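Engineer: Each chain is listed here by its residues.
Protein chains: 2
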Amino acid sequence: MDIKSYLADRKNAVEAFFGEYFGKAGRPAVLREAMLYSLNAGGKRIRPVLCLASYEACGGNGKEIIPYAAALEFIHTYSLIHDDLPAMDDDDLRRGKPTSHKVYGEAVAILAGDALLSEAFVVLTNPLLGPAVRPDNLFRAAGEIARASGCSGMVAGQVQDILSENSEPDEDTLQFIHRHKTAALLRASATAGALLHGGSTEIVDAIDRYGQSLGLAFQVIDDILDVEGDTAVIGKPAGSDEKKKKMTYPRMYGLDRSREIARTFVADAVAALDAIPLSVEPLRELAFHLLGRSH
Amino acid sequence: MDIKSYLADRKNAVEAFFGEYFGKAGRPAVLREAMLYSLNAGGKRIRPVLCLASYEACGGNGKEIIPYAAALEFIHTYSLIHDDLPAMDDDDLRRGKPTSHKVYGEAVAILAGDALLSEAFVVLTNPLLGPAVRPDNLFRAAGEIARASGCSGMVAGQVQDILSENSEPDEDTLQFIHRHKTAALLRASATAGALLHGGSTEIVDAIDRYGQSLGLAFQVIDDILDVEGDTAVIGKPAGSDEKKKKMTYPRMYGLDRSREIARTFVADAVAALDAIPLSVEPLRELAFHLLGRSH
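Note that the protein sequences, when read in sequence, are chains A and B.
Residue numbering for the first sequence follows my numbering, starting at 1 and increasing by one per position.
Residue numbering for the second sequence follows my numbering, starting at 296 and increasing by one per position.
Because the hints were derived from the structure by calculation, they are not lab data.
What you are looking at is a predicted structure, and each value in this text was computed from that prediction instead of being measured.
Incorrect hints may have been included.
Below, a list of computed lysine-lysine pairs in the BS3-like style, where the Cα atoms sit at most 30 angstroms apart [as the list claims (entries may be wrong)]:
#1 B:K397 / A:K245
#2 B:K339 / B:K358
#3 B:K339 / A:K243
#4 A:K102 / B:K539
One chain only, chain A, in its complex shape (with noise of 0.2 angstroms):
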């Protein structure tokens, strides 16, 4: 299969609900600039296409879910536009634009991801935006997001990278930071999919580990690529990471034993999909790609 263009077409389909959703005349005006400027900033959509992936691999058509897809999409955007603030990661740039606060002031930057986070839950709770979909397999969905944000989750996640910022890297940390900042949305995009189809238990739970797998490489390629990368592939200056002293795979197993690991962690991902009798090709390759980033 052509991952590239399997790849494409998701994006697109999500990119063109934004302006759907957000498009329309509202007030304040300020406000649904700021939320499209940040989420039409460019970037993988990554989560959302892991959803898509999903549900297909259950045997749905991805058309039929495309805007609770995207509303994973508003929670990452959130997640970065709230990260890059002075108060936090106090980046300029994000994806080689400036971020929401140089923009928009840090008081709008913070309201934006606000209620991106909150318009999430509102597409997640309307079953009129897919009726293809059962609403208790939709709210099934809705609950593994919301978990996977809050304080058992992302914020968590991000909570330990700001307090782990300038410590010596230590294992257990580390894998706290990275399982919870990024996998556990990652995760809960693979799992929300299986969800929305009322996957079977058998089912769901390997979709579950493969995204859990998938979320840990994909933090592992980001630190590779934040090392080795150059600031037009990665969209922020390289070596940040360095600069802030955070607590990174590189830095604690230097390069060559972070490549490693995300090879594992690709490799168990795909062994996950070994489980289930379904058409998981576009999962496989979705985690040979992202893999395929950091080469």
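Place chain B on chain A using the hints.
Structural biologist: Same frame as chain A, now just chain B:
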């Protein structure tokens, strides 16, 4: 009826849930500590009480939905933490105590707010926390609350409030701010109670009108208290709206006319209840009790 003991009972039940829900050990400890610090900083718990009183008016037992009512206070508390940030209202005190960013720093304060908002939806998507509630009714209530919180609700009001600082008050903008910043979530709190019980359209609509009028009354009264109250009662320095040139009812209409407007809103709220054949005494008394605060 004794509205004060009615309020105290329900306030206690909601506050007990905060400890139950967030009191367990969790990592990082500072995140849970910051969330609980702000939740436990006091307050009338008016949103949870409204939700409980509406549910009870429909014939339910409030004890069945304490977690869902408490989730409304998670959302209110997150909005206060973010409102108080240096980039927003820059307040050092809230309810007589140092604000979250003063105690935990800005990064943790922002993230504690983010986590509270997320956890509200963790609770509101978990049918196990209120087995007496039909899951589809819970789902409907969660949607109502999400819409009241997002870019067409509370956050819209907050952005407009900040944009309008130092502007000459105009009626349209003033009403927009009050309707969104405060009334939206109060309205949704009342409505959610009826939805959780599966109330008929007629009942949900009447309680919705009640909540909307009560929410508007509430903010006018708050504006009045900010002018005439003393710091001990309102928990923040009196006159802070004036200092920040916030767009308020007293600035627009003066105190006397503002008191009259508050009375009219309360009368509207009470009149909305006449349409429904329910035991609405607590809802009615609650409205008069709020009005009493400004006398």
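Engineer: Take the hints in turn and mark each one as holding or not.
Structural biologist: Cross-check of the supplied hints:
A distance of roughly 25 angstroms separates the Cα atoms of B:K397 and A:K245; the hinted pair therefore holds under the 30 angstroms criterion. A distance of roughly 18 angstroms separates the Cα atoms of B:K339 and B:K358; the hinted pair therefore holds under the 30 angstroms criterion. With a C-alpha separation of about 46 angstroms, the suggested pairing of B:K339 with A:K243 is violated against the 30 angstroms cut-off. Between A:K102 and B:K539 the alpha-carbon distance is near 23 angstroms, which keeps this suggested pair within the 30 angstroms criterion.
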